[in-house]
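Residue numbers (my numbering), protein chains in the order written: chain A, 1 to 439; chain B, 1001 to 1312.
It should be emphasised that the hints constitute simulated quantities derived from the structure, not laboratory data. Hints may be right or wrong, so weigh each one.
[As the list claims (entries may be wrong)] Partner residues aside, some chain B positions facing chain A, computed with beta carbon under 10 Å:
1. 1005
2. 1012
3. 1054
4. 1055
5. 1086
6. 1088
7. 1090
8. 1151
9. 1154
10. 1167
11. 1171
12. 1172
13. 1175
14. 1189
Because the structure is a prediction, the values reported are computed rather than measured. Glycine included, C-beta positions come from ideal geometry on N, C-alpha and C.
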Amino acid sequence: MPHTQHPIELLRFNTCGSVDDGKSTLIGRLLYDSKSLMEDQVEALERSADLTGGGQINLANLTDGLRAEREQGITIDVAYRYFATPRRKFIVADTPGHVQYTRNMVTGASSANLSIVLVDARLGVIEQTRRHTYLAALLGIPHLIIAINKMDLVEWKQSRFQEIRAEIEAFLPKLGGFRDVKFMPLSALNGDNVVDYSKHTPWYEGPTLLGHLENVHIASDWNLTSFRFPVQWINRPHQPADKTLQGFHGLSGQVASGIVRRGQPVVVLPCGIKTAVKEIWTYDGPLAEAFCPQSVTLRLEHDLEVNRGDMLVGLDGLPGRSTELQAHVCWMHQRSLQPGKKYFLKHTTQTVSAVITEIKSRIDIITYEPEPNPTSLALNDIGVIKIHTSNPLVFDGYGQNRLTGSFILVEQGTNATVAAGMLHPPSEAAKPEYNDFAI
Amino acid sequence: MSNYHLDHLQHLETEAIHVMREVAAEFERPVLLFSGGKDSICLLRLAEKAFRPSDIPMPFLNIETGHEFPELITFRDFRAQELGAKLIVRTVEDAIARGVAVPSPGEISRNKLQTPALLGAIEEFQFDCCIGGARRDEEKARAKERFFSYRDAFGQWDPKNQRPEIWNLYNARVNPGENMRVFPLSNWTEMDVWEYIRKERLAVPTIYFTHERDCFRRGGQWIPVPPPHMDTAKPDPYAGARPKPSEPVRKLFVRVRTIADMISTGMIESPADSVDDIIAEVSAARVTERGSRADDKASEAAMEDRKKAGYF
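In isolation and in its complexed conformation, chain A is listed as follows (with noise of 0.2 Å):
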């Protein structure tokens, strides 16, 4: 693999806040004062300063890019920004804080490195700060900002941003997972502490929002530990031109946890096959190894039935095989979980029908104390849930690792997507019978 002499790394994070927190103004203050905005967006900015805004331009037009958001002046769906600094590229997710449109945080966070909750330092610590904090460390991201925004309005009092942090610091216990969190005092619509320091801060000695998001430690939030590789697409060519290629048959997938070497080792699961990896194969050459999140075509030594869905894993660590779940889920539609009902369940690269045999807790997401034994969860509702499929599932707990513990729920008929789940770990490992092949 050629390497550049300054690999630039990509970050993706996503700033969640209650309505009028300023998250749009924060990504448009971070755009504008990192002198990501091209002459052209800020003329728009201006143009539409004038039919909106009173004259002042108003940052989050850049990211409200909907006619209904800047009528209404919120944000209604994930919208995506890009930027750059020399030593990173950022990805952002604005996910909009809207009790309604909690789904959207879940699909603006579920693959981010890092989230940003912004606090309105006049109203503290609200329902939506506790929720979505809930939700940041349940996603598993591993790096968390509080960002205490408005703090102008406060009159940058020290004793303010320490009794919310205070406040915050009670409960973050009660989350866990998180690898580092950080507080930070702002000001987005006037820039404190976004890019550059603020004079009104002397007393916070942190890092700057855009120093922490360029500093921050992220080369092992990547899973380099068991091997995981779903199978995702069977490589092979119909009367290949070249005749080396004759009989070529390549499981392509993305590797989910882990390094794969050739001649390795592996075991096909749910069957529980055992051979080894005769070569990985990529349109740029072969290579010795492969890891996550690394997309590559495997050759095996045998001549195996393998299908997608299936999985490929390395001998030690094996992760759990059953048709029996247990996982959090976050409910996303109107229509509420109907338990008994069968849904498609979408985990890896294998969809199977499932049912909801129990709802054993709806999660309070003030007090994160477990109710017991609701009837049903609604939309936005967090609870836990058994699950029963038609399949064997071949799963990692989600805490353990985000892609092989994570699935979606769809609803057969209108094919909407109706929940995330994030598996519990397995009660037990996969003992496969190690049919080894008779060689």
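Please build the complex by placing chain B on the supplied structure of chain A, with the hints as guidance.
Relative to chain A, chain B alone:
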């Protein structure tokens, strides 16, 4: 662990390959929209990386407005043939003749009419998925688009009711008559596209590089002078798009930054004659790529309105 590290282009590449393989695995009749422009050139290389040594398991489709730059058409045909792919071409002209597309009186741009022509082709071939090269950084309404963007039986996009898209688990299910638009380059920027073209040594049509061309000033842009009207038995397809006496023609060294068709693409004055030059120019640019697209400037919600109607 620094050996097990992908840079940003490698991250974008593996994400796009994953998306393309999901399309091949989940849809019955997918098609890849290939115009010959720089974004779809990247799509083709990603398709090679996703599917080789097999054939790319889907045909290519292009909707011509009839006002194309000839260099683009030549390049498109050459590249499709080189890859051994089936290229399907449908035209706005034909859609008008069949009554599927109806031009507004006095409107010379065919951009809006590409929508009914595309929907016609989707129906003709029963495509259930179209892969396109659109990027979220291009325009504000596109910034809200999903990787897998669901369209109802009328081809419409409903931005307020999009399917949540979580992790890399794409919900690809559509009912008969419905359609999915899939955008593997969603997270790419204009700069990423050029850096990828450089890294992969991809050929691009010559109009991306500086060349001498007759242009005239209209709407704050340098618009190329259309080819002469030869077949006078037919109406001039470029009527209204030719320079008026008040619009003097100048010979300039120009190139395109983004390509629509000849009457909605502004040329930029530039000496760039290599991909390196273009990358230097893009990084120093002070206006966005779509600043030179007349079709986006119609109103602040121009793109949103076209997308709701089924535009790409």
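Okay, the hints, checked on the actual structure:
{"no.": "1", "hint": "1005", "result": "holds (6 Å)"}
{"no.": "2", "hint": "1012", "result": "holds (8 Å)"}
{"no.": "3", "hint": "1054", "result": "holds (4 Å)"}
{"no.": "4", "hint": "1055", "result": "holds (7 Å)"}
{"no.": "5", "hint": "1086", "result": "violated (14 Å)"}
{"no.": "6", "hint": "1088", "result": "violated (21 Å)"}
{"no.": "7", "hint": "1090", "result": "violated (27 Å)"}
{"no.": "8", "hint": "1151", "result": "violated (12 Å)"}
{"no.": "9", "hint": "1154", "result": "violated (16 Å)"}
{"no.": "10", "hint": "1167", "result": "holds (5 Å)"}
{"no.": "11", "hint": "1171", "result": "holds (5 Å)"}
{"no.": "12", "hint": "1172", "result": "holds (9 Å)"}
{"no.": "13", "hint": "1175", "result": "holds (7 Å)"}
{"no.": "14", "hint": "1189", "result": "holds (5 Å)"}
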